[in-house]
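K.L.:
Chain by chain, the residues run as shown.
Number of protein chains: 2
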Amino acid sequence: MQTLEKTHPKLAELKTRLTEINDINSAASLLHWDQATYMPAGGAAARGRQLATLGQIAHEKFTAPAIGQLLADLQTDRTSLPYDTDEASLIRITKREYDRAVKVPAEFVARFSHHRTECYGAWAKARPENNFAAVQPYLERMLELSREYANFFPGYEHIADPLIEDADYGMTANTVRSLFARLREELVPIVQSIASQPAIDDTCLRQHFPEDRQLAFSHQVIAQLGYDLQRGRQDKTLHPFMTKFSLGDVRITTRVYENHLAQALFSSIHETGHAMYEQGISPEFEATPLANGTSAGVHESQSRLWENLVGRSREFWQFFYPQLQAVFPTQLQDVSVETFYRAINKVERSLIRTDADEVTYNLHVAIRFELELQMLEGKLAVRDLPAAWNEGYRTALGIVPSSDSEGVMQDVHWYMGSIGGMFQGYTLGNLMSAQFFAAALQAHPEIPTQIQQGNFQTLLNWLQTNIYQHGCKYTPVELMQKATGNPLSIDPFISYIRQKYGEIY
Amino acid sequence: MQTLEKTHPKLAELKTRLTEINDINSAASLLHWDQATYMPAGGAAARGRQLATLGQIAHEKFTAPAIGQLLADLQTDRTSLPYDTDEASLIRITKREYDRAVKVPAEFVARFSHHRTECYGAWAKARPENNFAAVQPYLERMLELSREYANFFPGYEHIADPLIEDADYGMTANTVRSLFARLREELVPIVQSIASQPAIDDTCLRQHFPEDRQLAFSHQVIAQLGYDLQRGRQDKTLHPFMTKFSLGDVRITTRVYENHLAQALFSSIHETGHAMYEQGISPEFEATPLANGTSAGVHESQSRLWENLVGRSREFWQFFYPQLQAVFPTQLQDVSVETFYRAINKVERSLIRTDADEVTYNLHVAIRFELELQMLEGKLAVRDLPAAWNEGYRTALGIVPSSDSEGVMQDVHWYMGSIGGMFQGYTLGNLMSAQFFAAALQAHPEIPTQIQQGNFQTLLNWLQTNIYQHGCKYTPVELMQKATGNPLSIDPFISYIRQKYGEIY
Numbered sequence: 287m288q289t290l291e292k293t294h295p296k297l298a299e300l301k302t303r304l305t306e307i308n309d310i311n312s313a314a315s316l317l318h319w320d321q322a323t324y325m326p327a328g329g330a331a332a333r334g335r336q337l338a339t340l341g342q343i344a345h346e347k348f349t350a351p352a353i354g355q356l357l358a359d360l361q362t363d364r365t366s367l368p369y370d371t372d373e374a375s376l377i378r379i380t381k382r383e384y385d386r387a388v389k390v391p392a393e394f395v396a397r398f399s400h401h402r403t404e405c406y407g408a409w410a411k412a413r414p415e416n417n418f419a420a421v422q423p424y425l426e427r428m429l430e431l432s433r434e435y436a437n438f439f440p441g442y443e444h445i446a447d448p449l450i451e452d453a454d455y456g457m458t459a460n461t462v463r464s465l466f467a468r469l470r471e472e473l474v475p476i477v478q479s480i481a482s483q484p485a486i487d488d489t490c491l492r493q494h495f496p497e498d499r500q501l502a503f504s505h506q507v508i509a510q511l512g513y514d515l516q517r518g519r520q521d522k523t524l525h526p527f528m529t530k531f532s533l534g535d536v537r538i539t540t541r542v543y544e545n546h547l548a549q550a551l552f553s554s555i556h557e558t559g560h561a562m563y564e565q566g567i568s569p570e571f572e573a574t575p576l577a578n579g580t581s582a583g584v585h586e587s588q589s590r591l592w593e594n595l596v597g598r599s600r601e602f603w604q605f606f607y608p609q610l611q612a613v614f615p616t617q618l619q620d621v622s623v624e625t626f627y628r629a630i631n632k633v634e635r636s637l638i639r640t641d642a643d644e645v646t647y648n649l650h651v652a653i654r655f656e657l658e659l660q661m662l663e664g665k666l667a668v669r670d671l672p673a674a675w676n677e678g679y680r681t682a683l684g685i686v687p688s689s690d691s692e693g694v695m696q697d698v699h700w701y702m703g704s705i706g707g708m709f710q711g712y713t714l715g716n717l718m719s720a721q722f723f724a725a726a727l728q729a730h731p732e733i734p735t736q737i738q739q740g741n742f743q744t745l746l747n748w749l750q751t752n753i754y755q756h757g758c759k760y761t762p763v764e765l766m767q768k769a770t771g772n773p774l775s776i777d778p779f780i781s782y783i784r785q786k787y788g789e790i791y
Numbered sequence: 287m288q289t290l291e292k293t294h295p296k297l298a299e300l301k302t303r304l305t306e307i308n309d310i311n312s313a314a315s316l317l318h319w320d321q322a323t324y325m326p327a328g329g330a331a332a333r334g335r336q337l338a339t340l341g342q343i344a345h346e347k348f349t350a351p352a353i354g355q356l357l358a359d360l361q362t363d364r365t366s367l368p369y370d371t372d373e374a375s376l377i378r379i380t381k382r383e384y385d386r387a388v389k390v391p392a393e394f395v396a397r398f399s400h401h402r403t404e405c406y407g408a409w410a411k412a413r414p415e416n417n418f419a420a421v422q423p424y425l426e427r428m429l430e431l432s433r434e435y436a437n438f439f440p441g442y443e444h445i446a447d448p449l450i451e452d453a454d455y456g457m458t459a460n461t462v463r464s465l466f467a468r469l470r471e472e473l474v475p476i477v478q479s480i481a482s483q484p485a486i487d488d489t490c491l492r493q494h495f496p497e498d499r500q501l502a503f504s505h506q507v508i509a510q511l512g513y514d515l516q517r518g519r520q521d522k523t524l525h526p527f528m529t530k531f532s533l534g535d536v537r538i539t540t541r542v543y544e545n546h547l548a549q550a551l552f553s554s555i556h557e558t559g560h561a562m563y564e565q566g567i568s569p570e571f572e573a574t575p576l577a578n579g580t581s582a583g584v585h586e587s588q589s590r591l592w593e594n595l596v597g598r599s600r601e602f603w604q605f606f607y608p609q610l611q612a613v614f615p616t617q618l619q620d621v622s623v624e625t626f627y628r629a630i631n632k633v634e635r636s637l638i639r640t641d642a643d644e645v646t647y648n649l650h651v652a653i654r655f656e657l658e659l660q661m662l663e664g665k666l667a668v669r670d671l672p673a674a675w676n677e678g679y680r681t682a683l684g685i686v687p688s689s690d691s692e693g694v695m696q697d698v699h700w701y702m703g704s705i706g707g708m709f710q711g712y713t714l715g716n717l718m719s720a721q722f723f724a725a726a727l728q729a730h731p732e733i734p735t736q737i738q739q740g741n742f743q744t745l746l747n748w749l750q751t752n753i754y755q756h757g758c759k760y761t762p763v764e765l766m767q768k769a770t771g772n773p774l775s776i777d778p779f780i781s782y783i784r785q786k787y788g789e790i791y
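So the protein sequences, as listed, match chains Y and S.
Under my numbering, the residues of the first sequence are numbered 287 to 791, in order.
Under my numbering, the residues of the second sequence are numbered 287 to 791, in order.
Mixed in with the good hints there might be a few duds.
One copy or two, it doesn't matter: identical chains are merged, so the pair holds either way.
Stated by the list, open to error - Each computed DSS-like pair below joins lysine-lysine, with the alpha-carbon atoms no more than 30 Å apart:
#1 K301 with K665
#2 K522 with K632
#3 K347 with K296
No lab work stands behind these hints, which were simulated from the structure alone.
Please read all numbers here as calculations on a predicted model, not as lab measurements.
Just need the whole structure built from these sequences, with the hints factored in.
P.N.:
See the structure below:
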């Protein structure tokens with residue numbers, strides 16, 4: 287890229303402008319991170335305004351006519367460049383994002399950002415108080431704004447499409463709806479069959495595990511997986527997330543339950559999967575639009591691959607369990623690795639998505655996705671959402687939340703993001719994780735044996751080479767084809783679930 | 287202000303623009319805070335660039351011709367407004383800052399900001415390694431940049447004047463030099479007289495005090511003083527500081543030495559003094575240039591007032607000492623309050639400014655101030671600075687650092703700020719703290735008795751009314767006159783020192 291830069295001053299100018307925009311967006315990310323970790327309550331009002339200001343400036347700068355002109359000139363001048371060169375990719379991806387961004391007025395961006403902060407604050411207060419009525423007006427406004435946003439992209443097939451496309455390029459409401467339909471067909475009988483078996487005893491996880499030792503053990507695990515802690519760190523928050531301020535500073539957050547061992551441990555591994563993806567992006571892409579994961583789904587495939595296909599595997603615990611026992615001797619000395627393995631893979635029809643097992647998880651997502659679509663379609667009012675949520679759980683999982691805190695208010699997404707486009711990535715990620723992992727195993731059948739030895743390098747290298755380094759140079763569809771030789775399919779996931787849980791149950 | 291805003295659209299437009307600039311600067315402050323508290327090492331390079339970007343954007347927006355035009359129009363339209371109305375003050379102070387800002391090119395602002403970040407990183411690495419040679423080139427560049435900055439303000443009497451004026455409006459190198467000369471005359475004999483007395487035994491402070499309990503006790507003290515922790519928080523850092531992201535989010539940082547009780551405790555009270563000043567600014571000023579302390583000196587007067595005139599007083603410890611003993615029973619049960627009081631007020635010719643007692647402190651500052659002037663004057667090269675530093679200590683205090691870590695590299699200021707304008711505020715603050723406190727006592731002679739009872743409300747109210755609420759509406763000279771009825775004088779400080787230490791020694 288260096289050489290081309292020197293020969294093409296317009297590319298250099300484009301990169302200078304993109305770096306400035308990246309820096310503003312990175313500052314905004316830090317403001318968000320701080321808001322979710324350390325900010326005192328009194329900072330909330332100004333923080334909302336500050337985020338809106340930064341969002342508006344970044345948007346104004348990115349949608350400046352000069353950027354459009356540079357992109358047009360570069361496209362004309364560089365038509366001969368091969369599709370997958372870094373330079374052609376930078377121009378192509380920037381153009382794609384530019385064409386979307388110019389459709390949204392700066393005034394709307396500020397208004398939306400401001401409301402997100404307010405709505406997040408209302409949710410953070412209302413959730414512990416189990417007071418949906420307190421957030422309802424905020425959520426109604428969020429729905430209005432989400433619809434207003436979608437309508438900046440006329441010509442959609444479904445009103446959710448523009449929101450979905452922001453997160454998962456190449457996907458539409460109808461495609462995802464039919465994926466969920468096929469998944470439900472496969473998963474519901476599996477869940478029913480498992481529910482007819484004796485329940486697994488997971489009391490070994492439900493003891494008292496002091497916070498500091500949980501955090502220390504998680505820290506040790508994520509470092510060994512390959513998370514570079516010279517370029518990252520972990521803090522506590524209400525709702526775990528990963529965020530990036532530069533390729534040299536990719537952070538994760540977690541929460542700890544002292545009465546349940548799985549929360550901090552698996553959320554740490556999960557967020558580490560996200561973080562290693564970002565840390566692995568080619569340094570050449572730093573501060574450009576290429577330096578991001580390519581979609582919500584592909585991102586989630588990496589968090590879920592490490593959390594589930596690695597972190598909940600028998601091989602993983604053959605290595606780590608003795609260490610965990612050493613950290614919690616009184617709690618675990620009489621618990622065998624097999625008992626522990628079965629406990630962390632217990633399938634249960636439960637209420638909380640983030641605590642759900644691999645088998646039921648996608649049913650949680652299906653409920654949310656369908657509710658999003660119905661709200662956007664105007665078929666479901668926000669005031670009726672809690673009842674519809676509960677009905678969704680009753681139908682798909684046969685259980686009903688006893689409160690809105692563990693029902694409709696459990697996830698932060700609608701309250702700080704948008705209505706629409708927020709959830710399909712989780713299920714796309716689960717499907718992709720199985721397909722990527724199968725491809726890695728096919729290339730390197732020694733991976734499970736290495737995991738037994740606490741060695742994650744071959745797997746990490748494969749992911750690095752085939753996924754991480756590319757940032758968002760390739761679309762999810764292109765990346766899946768390149769990395770696995772096949773288009774996205776639900777088959778590897780279903781086959782993984784059948785094999786693993788057929789053996790456990 | 288509300289009414290006037292409605293009647294004057296140009297003021298409304300000015301405030302909208304100033305809010306946007308404020309938000310960018312607040313984001314930069316958070317990036318700084320994070321850099322000094324939680325940022326992993328890998329984030330340093332990008333962070334420097336991000337800070338430079340934000341600084342440049344804020345500078346460009348503040349120096350936009352539209353702001354100059356609005357200010358000119360408002361000055362013409364509003365000449366009839368009384369000087370100390372909020373509106374006239376906003377226009378006046380903004381104009382003053384604007385006139386200074388337009389003299390500095392945006393390109394220089396970015397370059398300076400970038401170098402500050404790099405130099406800070408080099409210092410943070412070099413100090414523990416006692417490697418001045420490693421930072422010398424960075425500091426040489428800092429000197430060049432400081433001179434370049436000063437030269438944007440031609441017509442100065444001394445090249446340090448523009449740098450001093452940035453921090454302490456109304457002060458010049460020559461004024462401060464003569465203040466220091468008079469102080470040396472008064473202080474050196476006092477220090478010599480004390481040095482001829484038997485040394486105070488302060489071993490009670492030099493025991494093992496676990497970090498968590500030190501932090502918990504400090505937290506309790508600063509909350510009782512009146513620091514609103516719903517609008518603030520405390521984190522650990524290498525070099526304590528106060529920072530503000532909004533009037534609702536004013537944070538302090540501290541460092542803890544487990545082998546010395548005074549460090550965390552008094553630095554916490556010190557930074558709390560800074561923080562209460564900012565928290566006490568009129569909410570009407572939020573996000574405008576008025577919402578800042580009025581000078582480095584006045585700011586320091588508040589930190590020192592709380593740290594020394596309150597926090598090292600006998601009355602203060604009559605209240606807090608039993609609580610401190612309860613926190614550290616094994617360490618302090620056999621130490622009387624009088625022994626403790628004398629220990630925390632021990633006068634000693636020592637090497638570290640931030641650990642220095644009230645009597646010798648200003649001699650530490652005098653050394654640094656003189657070195658700054660000489661470097662700017664071209665009479666002292668950076669490579670000769672360590673030797674000059676050591677010679678300064680030998681002359682003023684009769685002692686010499688054994689390493690550059692505890693010598694020329696002990697303070698962060700030159701490495702992340704500028705050479706010039708960095709230190710005079712400390713001594714101005716000490717002088718002002720005594721003068722403000724004397725005025726408060728004159729108005730409310732009951733304050734010492736209230737402090738004995740752990741009640742700081744009357745004092746805080748007096749400071750709030752006479753100093754805090756005004757932000758930077760008044761210059762330091764105006765504020766001193768209004769609050770105390772007199773111009774700045776060294777007499778209250780010398781009189782305080784003579785009385786307090788005449789009794790101790």
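K.L.:
State the violated hints by number, sorted upward, taking the hints as numbered earlier in the document.
P.N.:
1
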